[in-house]
Amino acid sequence: MHSHANRLADSPMAALFPPWTNTATRVALILLAAAITAAIVTPIVYARMPFATGAGDPLLQPIPFDHRHHVRDDAIDCLYCHEDAERGPYAGVPAAERCMGCHSQIWNDSQLIAPLRASVATGEPIRWQRVHSLPDFVYFDHSIHVNKGIGCVSCHGRVDQMAAVYQVHRLSMSWCLDCHRDPTPHLRPRDQITSMTWTPASPAETAALADHYRPRSLTHCSTCHR
Amino acid sequence: MNDASEPPDSSLPAPGLDRLSRRAFFRLAGAGAAAAGLAACSSRPARNILPYASQPPEVTPGVPLHYATALVEDGFATGVLVASHQGRPTKIEGNPDHPASLGATRARDQAAVLSLYDPQRARSITDRGAPAAWSAIEQLLAGARAHGGRGLHLVLEPTSSPLVIDLIERIRTALPAARLAFWAPFAPRAQLAGNRLALGRALQTQLDLRTADVVVALDADLVGDHPMALAYARQIADRRRVVDTSSPMSRLYMVESGYSPTGVIADHRLRVRPSEVERIARALLAAVIAQGGRGAPAELGAALARPAGEPREAALIAAMARDLTRAAGRCAVAAGDRQPPRVHAIAAAINAALGNLGRTVAFSEPAVFEAGQPSHDVAALADLVRAIDGGEVTALLVLGGNPAYAAPADLGLAAAIARAPASLYLGLYDNETARACRFVVPGLHDLEQWGAARGYDGTITPIQPLIEPLFGGRSVAAILHELLGDPPATDHARTQDAWARRLPGVDHAAALARGTVAGSALPAVAAEVAWSALAAAIAAPPAAAPALELAIAPHPFLHDGRHTNNPWLLELPEPATKLTWDNAAQLSPRTAAQLGVDTGDLLALTVGAAAAARTLDVPAVVVPGHADDAITLHAGFGRDGGERVARGIGADAFRLWTTAGGLSPAVTAARRAGHRELAITQVHWQLEDRPIALGGTLQQLRDDAALRDELARHRGPQPTLLDRFPAGFPTQHNQWAMSIDLTTCTGCSACVMACATENNTPVVGRGSVLNKREMHWLRIDRYLEGPSDDPVVVVQPMTCQHCENAPCEYVCPVEATTHSPDGLNEMTYNRCIGTRFCSNNCPYKVRRFNWFDYKHRDLHVLANNPDVTVRDRGVMEKCTYCVQRIRRAEIDARIADRPIGAHDVVTACQAACPAQAIAFGSITDPASSVSEQRRRPHSYAVLHDQGTAPRTRYLARIRNPGQLP
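Chains as they are written, first to last, in my numbering: chain A, 4 to 229; chain B, -2 to 962.
Isolated chain B, as found in the complex (with noise of 0.2 Å):
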């Protein structure tokens, strides 16, 4: 078959297609189509079977196994379980035992395994670009370790992994005079510093909202961007769920800038600049106190008591004093990693005030080593940056992290470290870093590797490789240990002998099974606010705010841009503008039209003055909600390193990182001439009075009618002409159906990425993405209610309803979509011709068609999910209830003679929500907890009136707001 495809006259000698006479054309063609002819004439193509020489005793072809692991982030250890296919990775879930994960996965976890089978890693040991062999550096390791490390210098990524510090201590004895700096951008520091102001000691803060009636966020992303963030979203989504009228539901309040996950859920939102949210910060702590704070001196009150704002905030202010106040002991409040140690400092004071220390606020010593030392500050790359230039260092290694591209740019990190004279990198990309580096070492993805992290609370998560080195890659374990000069061992004895020597008494295999190291969390540490020490920290009024200000802020899927060379991640619409394929910055409506440009519009941003000043060229992106005067850049964009899908895309926010203005620095913006069309999947977003996402208040849901009537006409009966059922609703079989709680959605988007992994959805992009083409069977639609600049959002996942009247079914002249007898509207891609009539007769538009052939071509396929089928071009596509999942709990279930539990199936994007937002399951079993959610007060189907009877259901958006004083 491959010679069919082949052009069949390619071996003639091609003439020139401008002489090509007619005749001679038709002759070639017509000899081309009977070689084609004949080529297919052969039987069927020979395939092998390609069996073990020694089959493994746990593996089942065609049966994927289960690894616990975890994934490692700034030091932070998400735990996970990743399904093996015959010893390939396929599919990540979250590990329910583990206390970051609690069974959810954030969207970047999902995607990486597509980082995994990345073509693009390097490959090879490379000297300036030229390959090398490993003798090469064992010669430089050699050489960095004589004289006690004099003139070596390291920078690592911050790290918990019991295994590495165990290195690191002995770096630190056995070559005193080595350096050594830990660096990530984004690694959380001011909770730390702000903990030492406050507390005396750089204490890492641990919450616990299980019993949180009132939650305060000062610009921290608690269920979004947090290493917590997955315990956090299920911690709150436990505290709002509506069952019924009765039931209780925390207040959740945010103060930020930039619409975060936190934000969509929040019961009030105060959109500020980041620097102003210090001032309410310190109104909170002066209202706390004045309404009898614990233990805190009222003077201290009366110190930071100023004139009220704006009529809004401080009513806002009052009210969360109020609601605070009444809930002392079961509320918290946090701060986010962008404020400055003092706002850290007050919300540890406001806590304690609160008597919520030891209650929903604890503190534990910090999980990532000698974090909040200043070992991990800016100031540790720019101690590296003089003593290169000092002509100190004669060996710089590079263990992971990109620090050439994330760090401040007024550092020339990059330039500096191509100065030293010998320099080594270890990293999966030929990135900038390993561009400025003599030699590269490729290293180790998490599933390729052993070791061991921390959590965020400081439970200890083993690692363990998925799959040998793809590309015969090197850990960072494996570097510290030749640098030391230990003798030859592989990773797993050097493991498994620092693991018996640091964790004593623990059964690595034990640990291993199971993914975590029961009781190891970090213990809480008795802490008390010394408030004198607080007062005379807090005593100078923060700085007046300038005219704009900018907040470099992490991609909620690229983070700090180790993530820019995964498609998937660049396909997912970033929540806060469905932007694909690009960063912008984000403003504003009143701030753009200021500024005079729309989305798309280009923005000359600087930073700095005169000499100083850095510019960049973004284009603008209107986020209605978004505070005024600031302006909000993901970082991750603008890579420039060797990663070809990375390079050249979106504009590197970094650029405008200094060490003096820090990651919100004051900015000035202007409109420059150009516009750079933005690859938005989403471009509306008003309901137009349509029943989609439905809500209201909790308080209306109690007392108003109206509302409980509204909702309930969305879910009654409706007639139709096309009735599915005549003999009555069908009980003998499973009828599945889903339920989405448009409460507790945070519009994260873990669902959108787990889906895209389990179904093999193609990237597209953005070239399609611009034409409409994005091929997600899950997206998350945004809609905005009330004013333009200070809207309610809600965000609803929408996929196919799996209706019991589809319009898209009798459309389909080859039949090609059909209803299954438990209610799953089928879609077989060997029928599908590709009319697309089916889409355009679906009133949800939730049908994608494969417009070209977007097929993994090179290491990719990896990735591929065996058990769904790999589309092709010219057929459709969607949503199944992930129909390979219900066949797999079927046939278990029919061979163990038993029924299908409640349990059996779990959806992939449901698996990886972090909110439990999604139930699926039979409705006809009373008991399920779909069946249990479509009897609440609040459940409803969307476009009810279009008598399609959608099998999934919503749960209406309920708010809790308070009243405002």
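Looking at chain A on its own, in the form it has when it is part of the complex (with noise of 0.2 Å):
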């Protein structure tokens, strides 16, 4: 057996690879499993990164509005500008006239409102950064979680402590359907909707909750999708 490998060694057909292809050949097939693993999870992980999701990322406003101030040191309440959450699927941002109703009187003149004089003399309306933006094929209404007993802060966070309003929440269907699978750990009573800092006392105030909003726990599709 030997002697017949020296000879096929020594032959003048040599051998086809060298013996370093062995190992390349392995680094290859390692590398191709590794693309084809990070070419499934790469577009995972991308699609819950803040930098896709968009989470944390506050945006320039044609108006520095800084929520800080109004809810913290003015202690406006959250449906006095954005009132067709309890009526409507869009929460909406306030007209400007809404705006105006103060602004009329205080810091009249400032030079950051100066887009708001502008939208109120011409009609045209002021170009806001949307924030929190849902996919066209999902059918999210604010309404229904207003009345259900669903805070404003579950979804936003703190906006009382944003100086610019960034997502704070991935907004995916996953984390919709953490909530939608067991909403009761969520509720909170009617008249603190809007507060930012309500927290049960009590697993028996939940409970109670949970009694009088009797949520349903929606996980089919057409919840959302239509």
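Source of the hints: derived by calculation from the structure; they are not laboratory data.
None of the values given here were measured: they were computed from a predicted structure.
Backbone N, C-alpha and C fix where the C-beta goes; we use that ideal spot for every residue, glycine too.
Mixed in with the good hints, there may be bad ones.
Said to hold, decoys possible - Selected chain A positions facing chain B (in silico; Cβ < 10 Å):
no.	residue
1	ARG90
2	ARG101
3	GLY126
4	ILE147
5	GLN195
6	SER198
7	LEU221
8	THR226
Said to hold, decoys possible - Residues from chain A shown here face chain B by an in silico Cβ test under 7 Å; the list is partial:
no.	residue
9	ALA38
10	THR40
11	TYR83
12	ASP87
13	ALA98
14	GLU100
15	GLY104
16	PRO128
17	ARG130
18	ARG133
19	PHE140
20	ASN150
21	ASP194
22	HIS223
23	HIS228
Assembly of the complex is requested from the two constituent chains, each provided in isolation within its own frame, with the hints serving as guidance.
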């Protein structure tokens, strides 16, 4: 056998591949497997990264509106400006006239609200940047959530602490489903909907709220997709 | 993202493809792919929120508001409620308070929103095609009003608007020399003329079919093509709904040539040529008089009596006369407007002889201004042509309509208008008339204007705009005001002013809120048949029928061509032929065989002789049940104006319309070389013994246990391997279900159009329909039973059956179609990867696949319903039971902390149906109408033997034929 092997090695027909190709092949196979895995995993991870979801990324708005000041210092309720949250699918951004209710009296000559004055004067809307943006095939309705005990803070975070509003949560389908599978822990009394700090005093209070709202676990597709 | 969708290498110099080497190709492709990848590496696309500057207090974004207004056709208003999303009208529903709607709509009413957003509407004032200023129009109108209006001619559409009538009367006073004509090709004229023959006055016939046990329709499409069709369809359906085996049912006779919706639901249908209807009417009058008609002179009966014709015809006439006489005072005879005045006179006489006047049949003054007068006749247009040729016309104003296209062709109206020294057209489109006129002023869509109109019964219906004029159009009233030299004012102010003057004491705002002026229907006029005058008028026997005759009929959706630029209506299958995107010569199998043609073969139709002969090439379409030796051809096609969708589709039937021949002329037909593939959505008409569209007679349902058992077999328990509810039927949720009544369904297709508007289903075009890729979620299948020349037709709305054991669900590899706990078969578009396994496994073939990206790209996007996803290429879609309406009602009920009410969820198809043939509700509520209907003896499930347990059930087609003597 030995001589046979030697003869092969010494023959003019040398080995087709040198020995290092064994290693190269193994490395290539590992790289290929890694590439396939990466091709699958990368988009999955990417879609969950704040870079893709936009979470935590304050947008530059035409007016540097500061929620900290309006909510904390002035104690303006969320629903004073976002009144449609109670009765329609969209919480809504207030009409320029609503802002002018106060700002015709105070800070009425500030340069910062020049776009607001222009909007009221011309009737042209202010082009706010959308912070919370769901895909077009998702039909989210504010009114049912607000009326059934889900507070603003549950989805929008501590807006009262934001200089410029940013998205706090991923707003992915699994994030929605986390709550839709079991809404009870997120319930709060109707008069605490806009509170940024309310927490249930005891498990008994949560149980009482569940008894009051009778929340349904709605996880079928047409709840949100139509 | 926009960058990524552009071809990435479009900025590089484009080498000729033939000279592109392999290496260069890969270099470019690689660079392109890299560029595309980089372009995608941005964060989310920026999206804006644009709040109101000043939000109207009634608006909540996302919650539509409904406004009452009216759609007007040939002068008659149909009251509608229009849904408006923040000022954007998206959906039209009927106004339940309006007598000509009763909450229902026609297919073409549904499609009006797409016409509103038609990007091809006229956009600016033009002078021979070049942009012009309003001052030029002011000049023209100022010149026209000089010399008391001498040389001024106006052509308007028939109008019933008190506000426009006010202006017309002012014009008649201020400009006495001006000449007015009113023109709409299919405005009802024969009825008024016929009533003048019989009653001495041009009165309008008002039917009340709520108490009619027997209805005989002489070529009268009461439930399809009539200004009051929606109300008559409801009234007839209410008398024919089978609840249990003891239900009474009215009897409906139809005498017609082509199949109409009324013919579909008729118990007896006599297929005769249009010219033969008069013979039938005379024989019927004679038979009614012979059986003791009241007040009718017996000599008249004797004079009309003719030897009996063909046996079946004679038997049917005898049966009609017998049933009518038995139900005297509780029956009605109606004549259609394609019939000559004599047939209408005879119908009035039969009604009088049966004592129906004042009961089921009444007469009123015409709702339309001057209807029945010479200003509404073809002769008025002929006078206009003569005046133009005589040089008497200095200014011609054509306000609305399209007379250059839709008028007898031998008048040469288009050429005459072009010869007029100064002419103005006001209308929505750059159509044939616009092209003949010098000045074109964009008109207003019904949803853009202020006004008023009367319904067929005379009810005054206010019209209000849903949106500012999109293209700065002007109303007819605005032009007339300008003609009168009135000071400028808004249409709104002028409407309120005219309303206050013409309708004193009627609150405009209250009328707008309700959509009608209560109690404003025209009062019944006492009228008696003048028997001797009638006898003289019908003394001469009808002319002998020609060998072959043509019926030029209004298209059920396009009417006279005014809607031909609406792709929704073009793609809606015509009920009798299922033909889309075309018109064709409808003929019977026997006539087709005689002419040697089959569906799609070309025919040359010739009307007139020798030098006056007019020829039109049209494809044939064979319609079983059509009268022999007759051809029906729908108008509205062969358009030649500037509307790009309408242009060049089909053949222009009006080219065969002559003043001598009328709309039912004698015609010769010859086979032409050539064939046109017709985009027909259903080509097989037989049931092949499959349990799909079941039915029987009322007698069988009462007395024949075999039929009842057969029907019961199609709804009982069915063994299945897939038990959806092993723990018993769920009771904690609503369980949605639908019930469709095949007895009252006429196949009018309003539901199909309503579904498409509600659910954003796309238009695919003729080519895709030919490939069987139409996208309607709801279709109306049509089955024929019995002999092929005179079959019984059953129409069956077919849509997703929401099977409890849905075959589509377990073949989907990605769970894109699933079942909801409330019994809906859900379709989740964003999950669908387009395998189409579900469609293959669906026994009802109701799933539709987006083969291409059919989304609206232009202004039409504004017609989209914002509550329904606009689907992209490559996904499957189908009926959702209007899940968006269900979820809306659920949310509203949950917020109000109450259960969902029985009428809270109304699907789009259900809302549109004039016959109320569709019921929808929850079967966990035993009192709901759908639960009640499922308990009826003739409720059944289609293809029940498949074990799919469909949630949609049907009520079998029950007919009530009488014994033929």
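Hints versus structure:
With its C-beta approaching chain B no nearer than about 6 Å, A:ARG90 sits inside the 10 Å limit, and its interface hint holds. Interface hint at A:ARG101: satisfied, since its Cβ lies 8 Å from the closest Cβ of chain B, which is below the 10 Å cut-off. Here the hint on A:GLY126 is kept, as its CB sits about 5 Å from the closest CB of chain B, short of 10 Å. Using the Cβ-Cβ criterion of 10 Å, the hint placing A:ILE147 at the interface with chain B is satisfied: the shortest such distance is roughly 5 Å.
For A:GLN195, the shortest C-beta to C-beta distance to chain B is roughly 18 Å, which exceeds 10 Å, and the interface hint is violated. Given hint, A:SER198 at the interface with chain B, is violated; its Cβ is 20 Å from that chain's nearest Cβ, farther than 10 Å. Because the beta carbon of A:LEU221 sits about 9 Å from the nearest beta carbon in chain B, less than 10 Å, this interface hint is met. Taking 10 Å as the C-beta contact cut-off toward chain B, the hint placing A:THR226 at the interface holds, the least distance being around 7 Å.
A distance limit of 7 Å between C-beta atoms decides the matter here; for A:ALA38 the minimum to chain B is near 15 Å, and the interface restraint is violated. Because the closest C-beta pair between A:THR40 and chain B is about 19 Å apart, greater than 7 Å, the hint is violated. About 14 Å separates the beta-carbon of A:TYR83 from the nearest beta-carbon of chain B, more than 7 Å, and the hint is not met. Taking 7 Å as the C-beta cut-off, the interface hint given for A:ASP87 holds, the closest approach to chain B being about 5 Å.
Interface restraint check: A:ALA98 against chain B, minimum CB-CB distance 4 Å, threshold 7 Å, status holds. Taking 7 Å as the C-beta contact cut-off toward chain B, the hint placing A:GLU100 at the interface holds, the least distance being around 5 Å. Nearest Cβ of chain B to the Cβ of A:GLY104: about 12 Å, over the 7 Å cut. The hint is violated. This hint holds: A:PRO128 has a C-beta 4 Å from the nearest C-beta of chain B, less than the 7 Å allowed.
Annotation: A:ARG130 was flagged as interfacial toward chain B, and the flag holds, the nearest CB pair being 5 Å apart, inside 7 Å. Below 7 Å, beta-carbon pairs count as interface contacts, and A:ARG133 has one with chain B at about 4 Å; its hint therefore holds. For the restraint placing A:PHE140 at the interface with chain B, the shortest Cβ-Cβ distance is roughly 5 Å, inside the 7 Å limit, so the hint holds. This hint holds: A:ASN150 has a C-beta 5 Å from the nearest C-beta of chain B, less than the 7 Å allowed.
This hint is violated: A:ASP194 has a C-beta 16 Å from the nearest C-beta of chain B, more than the 7 Å allowed. Using the Cβ-Cβ criterion of 7 Å, the hint placing A:HIS223 at the interface with chain B is satisfied: the shortest such distance is roughly 4 Å. For A:HIS228, the interface hint holds, the least distance from its beta-carbon to any beta-carbon of chain B being 5 Å, beneath 7 Å.
Checked against the numbered hints given earlier, this structure breaks hints 5, 6, 9, 10, 11, 15 and 21; the rest are met.
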